[in-house]
Amino acid sequence: MTRPVFRFAPSPNGQLHLGHAYSALLNHQMAREADGRFLLRMEDIDVTRCTPELERGVLHDLAWLGLNWEQPVRRQSEHFDDYRAALEKLVEAELVYPAFMSRGEVRASIACYEADGASWPRDPDGAPVYPGDDRYLTPEEREARIAEGAAFAWRLDMRAAIAHVGKPLFWDETGQGPKGETGSVPADPEAWGDVVIARKEIPASYHLSVVVDDALQGVSHVVRGRDLFYATAVHRLLQELLGLPVPQYHHHDLILDDDGRKLSKSRGDTSLDALRASGATPEDIRRMIGFPVS
Numbered sequence: 005m006t007r008p009v010f011r012f013a014p015s016p017n018g019q020l021h022l023g024h025a026y027s028a029l030l031n032h033q034m035a036r037e038a039d040g041r042f043l044l045r046m047e048d049i050d051v052t053r054c055t056p057e058l059e060r061g062v063l064h065d066l067a068w069l070g071l072n073w074e075q076p077v078r079r080q081s082e083h084f085d086d087y088r089a090a091l092e093k094l095v096e097a098e099l100v101y102p103a104f105m106s107r108g109e110v111r112a113s114i115a116c117y118e119a120d121g122a123s124w125p126r127d128p129d130g131a132p133v134y135p136g137d138d139r140y141l142t143p144e145e146r147e148a149r150i151a152e153g154a155a156f157a158w159r160l161d162m163r164a165a166i167a168h169v170g171k172p173l174f175w176d177e178t179g180q181g182p183k184g185e186t187g188s189v190p191a192d193p194e195a196w197g198d199v200v201i202a203r204k205e206i207p208a209s210y211h212l213s214v215v216v217d218d219a220l221q222g223v224s225h226v227v228r229g230r231d232l233f234y235a236t237a238v239h240r241l242l243q244e245l246l247g248l249p250v251p252q253y254h255h256h257d258l259i260l261d262d263d264g265r266k267l268s269k270s271r272g273d274t275s276l277d278a279l280r281a282s283g284a285t286p287e288d289i290r291r292m293i294g295f296p297v298s
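In the numbering used here, the protein residues as written are 5 to 298.
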């Protein structure tokens, strides 16, 4: 019988904090209880912000917590060809298009629309849905702009992609969504609009790379924070479009700060490294996040 496969997949673009510790420990525990495998993946597709030094810090933190994982560690930066191959399938099926609108042009388009009191649609994270004006450019117009060196991102033509699949999509949730969703959860990728799939310089966004990586690594159980619950709808759509296996999903509670906000590297929330330097032990970290102390 095939053993279950779990993974922890941090981005080495900053130091790990208590939220990362909770997710890593939970994945490790669930893998052990299921007699499964525990993998570590470095989501370092952003090679400008992710550095070897930060990766070493991540590895040190996880080892300090008492975790062990299978070797080798998969690094996204070493597998761009895998993402290019997936992107090419979507290009050939005419399910993505080069999007040229800058952030300023997007803001201007939305402001014009809302000037009369109308409300522009937002995605589940609260960000404005991409207008998609350049979805209607002719092939010749697109080729001319690319030849001129215009910056662009590959965006999924959401309506075309949903029509291509031609059936409702669901995923099996053993955790819980923000509104208590669990069990067989209907996917609503349309709520995200035309999401970015890849960029001119990088052949994948998070959405594309995560489904490709999970498939290639044989991940059977995706255990991650509840902040990614609704993004699973986009991942289910991409799995169908690319003919990839569908893992079981488990979205867990988030570790929040004193103001009820999710911990964040960008806000400089207290890192595991800083806690260790102040004298905290791995057992202290477990107690701080409400995790059983062995």
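Keep in mind that the hints were calculated from the coordinates and are not lab data.
Incorrect hints may have been included.
Quick list of in silico lysine-lysine cross-link-like pairs, DSSO-like style, CA-CA up to 30 Å [what the hints assert, rightly or not]:
#1 K183 x K171
#2 K93 x K183
#3 K171 x K93
#4 K93 x K204
Inset, instruction - Compare the distance between the alpha carbons of K183 and K171 with 30 Å, and conclude whether the hinted pair is satisfied. - result: The given pair, whose Cα atoms are some 24 Å apart, holds under the 30 Å limit.
Inset, instruction - Assess, step by step, whether the Cα of K171 is no farther than 30 Å from the Cα of K93, and give holds or violated. - result: 20 Å, holds
Legend entry - K93 paired with K183 [C-alpha distance capped at 30 Å]: Given pair K93, K183 is violated - Cα atoms ~35 Å apart, limit 30 Å.
Inset, instruction - Assess, step by step, whether the Cα of K93 is no farther than 30 Å from the Cα of K204, and give holds or violated. - result: 16 Å, holds
Violated hint for the displayed structure: number 2, the only one.
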